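Asker: Take a look at the letters that make up each chain.
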Amino acid sequence: MSKAQLRFWGVRGSYAAPFSTHLGVGGNTSCVEITAGDHLLICDAGTGIIPLGNKLMQQDKIREMLVILTHYHWDHVCGLPFFVPAFMPDWKIKFFGPGDNSALIEEHVAAQMQAPYFPVGTETWLAEINYLETQSNGFQYGPMKISFSNVHHPGITYGYKIELNGKTIVYASDNECKFIEKSIKHRTDEFNEEELALFEDMIHEEHQSESKLFKDADILIHDAQYTPDDYDKKHGWGHSCYVDAIDTAIGANVKELYLFHHDPNHDDASIEAIQKHSNEIIKEKGSSLICHIAKEGMTIDL
Amino acid sequence: MGNKRPTVIGVDNSPSMKKLLERSMENLDIDLTMFASAEEAWPYLQSNRPNLIVLSIILPGKNGLSLLRDLRQLPVHQETQAVIVSSKDYVQDRLVAKDLGALEFIPKPVSMQTITDVVVKYTQANLKNDNN
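Sequence order for the protein chains is H and W.
So for the first sequence, my numbering puts the first residue at 136; every next one is plus one.
So for the second sequence, my numbering puts the first residue at 31; every next one is plus one.
This is chain W alone, in the form it adopts within the complex (with noise of 0.2 Å):
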């Protein structure tokens, strides 16, 4: 593995969920870095790939799956790993979601185990103690 820590994106608006996402990682050796909204994450992503997404769908503003949808636009994140973490768990989004390569679509609530198994799966992260 080479020695740059993966970076997370999350996009919720919910404190509870940015505690939740936190805390999940919070023994992983990533850098976490969240957003309340679609908007304030594009920025962010217009200049950087994370080596993961986990984004909500409903948001203020831009929709999750929009913003997604936005992001596969740009030829930097046509292939950046992606999950949804919604409280919405309906097939017509799962379909959405699958079309622009969702890599998972985790209905809320959700446990911070799922979370951290989601995210070391597609990172490869470490544990912060762990010198692999």
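Excised from the complex, chain H in its bound form (with noise of 0.2 Å):
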């Protein structure tokens, strides 16, 4: 078993919000550093990935890791033009993410540093880079075994289940839960009953196909961008309400939920209040869901 740990380096959805009243949750965008022994995996390569990237360059024991990302929105890449490792000719980087192969990868990771956006290409990486191709049923990543599924984001978005020392994390930073369940519950009126049933079967299905991602996992990283307020006036933005992703977490027999992808208008009060209320729903469902608010620089022992 290696001795193993993950750590929130960027927490935030949308865009970065180094913020004042922001600071206590953290403004950078999404990234979440797993390491295992000499392993280094990074979930995501927002804005979170420059400190990682400056931390890494203190170091000098690993040389090598494997950056997955959920898809190629710019808070899950903007940080990479700035990743100072990727700069450097003794690294190994392994980038995996949505696309049919390997060069389509390639393609949209480099897309952002292009002129007129940037003034130098990913050409100038001097690491040594690697773009995996697609595997339709996982890998393994040293100690971890990784896979993925489709999920609900505009845009080919995977979430990914990372086994590793017999635990089970799932990181799902996009993924608008219930989105069936709800859009029907919008549109009842346009149905006729034997529709309307059919229906209820598809909401069962979805809860189903969720919970298979989710299932039993030990540790679930959620979008939950949205108050329920937000989610009323934001329904099929792609990003969770987090009293779906509790919901979610609890149908799913999840034991641990950091409630992630934070809305960068939510300050460090709006998410103390955020974090009171999920306790008092899973209080009221007589659930033992543990909820945390992921914040940057948290750590967890896996």
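Just so you know, not all the hints are guaranteed correct.
A few chain H residues that face chain W, going by a derived Cβ cut-off under 7 Å, partial list only [stated by the list, open to error]:
| hint | residue |
| --- | --- |
| 1 | 235 |
| 2 | 239 |
| 3 | 278 |
| 4 | 281 |
| 5 | 285 |
| 6 | 291 |
| 7 | 314 |
| 8 | 326 |
| 9 | 333 |
| 10 | 334 |
| 11 | 340 |
| 12 | 414 |
Capping the alpha-carbon separation at 30 Å, the derived lysine-lysine pairs in DSSO-like fashion look like this [said to hold, decoys possible]:
| hint | chain 1 | residue 1 | chain 2 | residue 2 |
| --- | --- | --- | --- | --- |
| 13 | H | 320 | H | 302 |
| 14 | H | 229 | H | 317 |
| 15 | H | 390 | H | 347 |
| 16 | H | 317 | W | 48 |
| 17 | W | 158 | H | 320 |
| 18 | H | 430 | H | 196 |
| 19 | H | 411 | H | 390 |
| 20 | W | 128 | H | 369 |
| 21 | H | 350 | W | 151 |
| 22 | W | 48 | H | 347 |
| 23 | H | 280 | H | 227 |
| 24 | H | 369 | H | 390 |
| 25 | W | 49 | H | 347 |
| 26 | W | 49 | W | 128 |
| 27 | W | 49 | H | 320 |
| 28 | H | 420 | H | 430 |
| 29 | H | 350 | H | 302 |
| 30 | W | 128 | H | 320 |
| 31 | H | 317 | W | 49 |
| 32 | H | 350 | W | 48 |
| 33 | W | 34 | H | 320 |
| 34 | H | 320 | H | 190 |
| 35 | H | 317 | W | 128 |
| 36 | W | 128 | H | 368 |
| 37 | H | 430 | H | 369 |
| 38 | H | 280 | H | 320 |
Rather than coming from a laboratory, the hints here were simulated on the basis of the structure.
As the structure is a computational prediction, the values presented were derived from the model and not from experiment.
Each residue gets a CB set at the ideal place from its N, CA and C atoms; glycine is no exception.
Two chains, two frames, some hints: make the complex.
Answerer: In structure tokens form, the structure reads like this:
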């Protein structure tokens, strides 16, 4: 069993929020580091990967890593142009993410580093870079077994399951859970009884499908960008309300949920209120789920 | 019209959606074949050109848009008619579907009449008791 740890380097969604009112939770966008012995896995490359890169430059034990990307929206890749190890010749970096083949993954990773948006391209990266081919059944990275599923977000987006040291960690940074259920409830008047009966089954299938990825996870890191009020206005934007994330986690028998991908409009006080309400919901439901707010710098021993 | 019945392929892993598609088309003079994944549909599609493909996006394994992209690489499927019926209703997915030549993008939940109308529109299918 490897000594393993998870650390949050960026917990925001949409855009970085380096405001004095937000720094208790943190302002960097999505990036989570998982280390197991000498193996380094990085989940997403938002601005959080920049301080992670700077920390890596201060040590000489690790020179290789795998970066898995949920998708290519800016808040998940915009740290890469400033990720120092990529520009150093003695590093090896593998990338994996949505894409029909490795060339397409490379194209998506490189796209943001092009004139006139950025002065240098990925051809200036001196590290040995490899883009992994798509693998339908997942793959092994050192002691970590990594698998993935399509989740509910604009464009093709993955949720990842990482099995390590007998624990299951699920990283679903961007996922609008219960989308069908909400859509049906918004449009009930449009359908006849037979259709509504089929849609009840469809809601059940949606819950089962979500449960499949999250089932029995020891740690679920999940999109919780919206409050119920936000979600009323932003249904169909590709993110979850924290109430739905909690409900989904309970349904999937998750042990610990980390609310993640916080809205940049939510300051520390707002997120503290989310934490309080989350604990009330869990208590009301009589669930044993432990719910945390993912915060920058937070570490978990695995 | 020729005598050959139009062929419609559905690719969706939802059993309730399979039922809805079957019910939507049960009065049409067509052959409907359902597949639960892109991987299941692929061997059939390599050697058959249906009149219409009804395709979901979120599937186990390869997603529906990637399947459509792969199909467009095959000479036989460069112009095969396809419509997307998906629980995803995002502009980004609509644009990709349009680029891949999808004729319609219909968000779930969808009524049976909508499916029937779309199938008739693109296959000119007759009703089963219609001799025209």
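Asker: Work down the list of hints and note, for each, if the structure agrees.
Answerer: Hints, one by one, checked against the model:
no. : hint          : verdict
1   : 235           : holds, 5 Å
2   : 239           : violated, 10 Å
3   : 278           : violated, 25 Å
4   : 281           : violated, 16 Å
5   : 285           : holds, 5 Å
6   : 291           : holds, 5 Å
7   : 314           : holds, 6 Å
8   : 326           : holds, 6 Å
9   : 333           : holds, 5 Å
10  : 334           : holds, 5 Å
11  : 340           : holds, 5 Å
12  : 414           : violated, 31 Å
13  : H:320 / H:302 : violated, 36 Å
14  : H:229 / H:317 : violated, 38 Å
15  : H:390 / H:347 : holds, 15 Å
16  : H:317 / W:48  : holds, 21 Å
17  : W:158 / H:320 : violated, 34 Å
18  : H:430 / H:196 : holds, 26 Å
19  : H:411 / H:390 : holds, 18 Å
20  : W:128 / H:369 : holds, 24 Å
21  : H:350 / W:151 : violated, 42 Å
22  : W:48 / H:347  : holds, 20 Å
23  : H:280 / H:227 : holds, 20 Å
24  : H:369 / H:390 : holds, 28 Å
25  : W:49 / H:347  : holds, 22 Å
26  : W:49 / W:128  : holds, 27 Å
27  : W:49 / H:320  : holds, 20 Å
28  : H:420 / H:430 : holds, 25 Å
29  : H:350 / H:302 : holds, 12 Å
30  : W:128 / H:320 : holds, 28 Å
31  : H:317 / W:49  : holds, 21 Å
32  : H:350 / W:48  : holds, 25 Å
33  : W:34 / H:320  : violated, 41 Å
34  : H:320 / H:190 : violated, 48 Å
35  : H:317 / W:128 : holds, 26 Å
36  : W:128 / H:368 : holds, 27 Å
37  : H:430 / H:369 : holds, 24 Å
38  : H:280 / H:320 : violated, 38 Å
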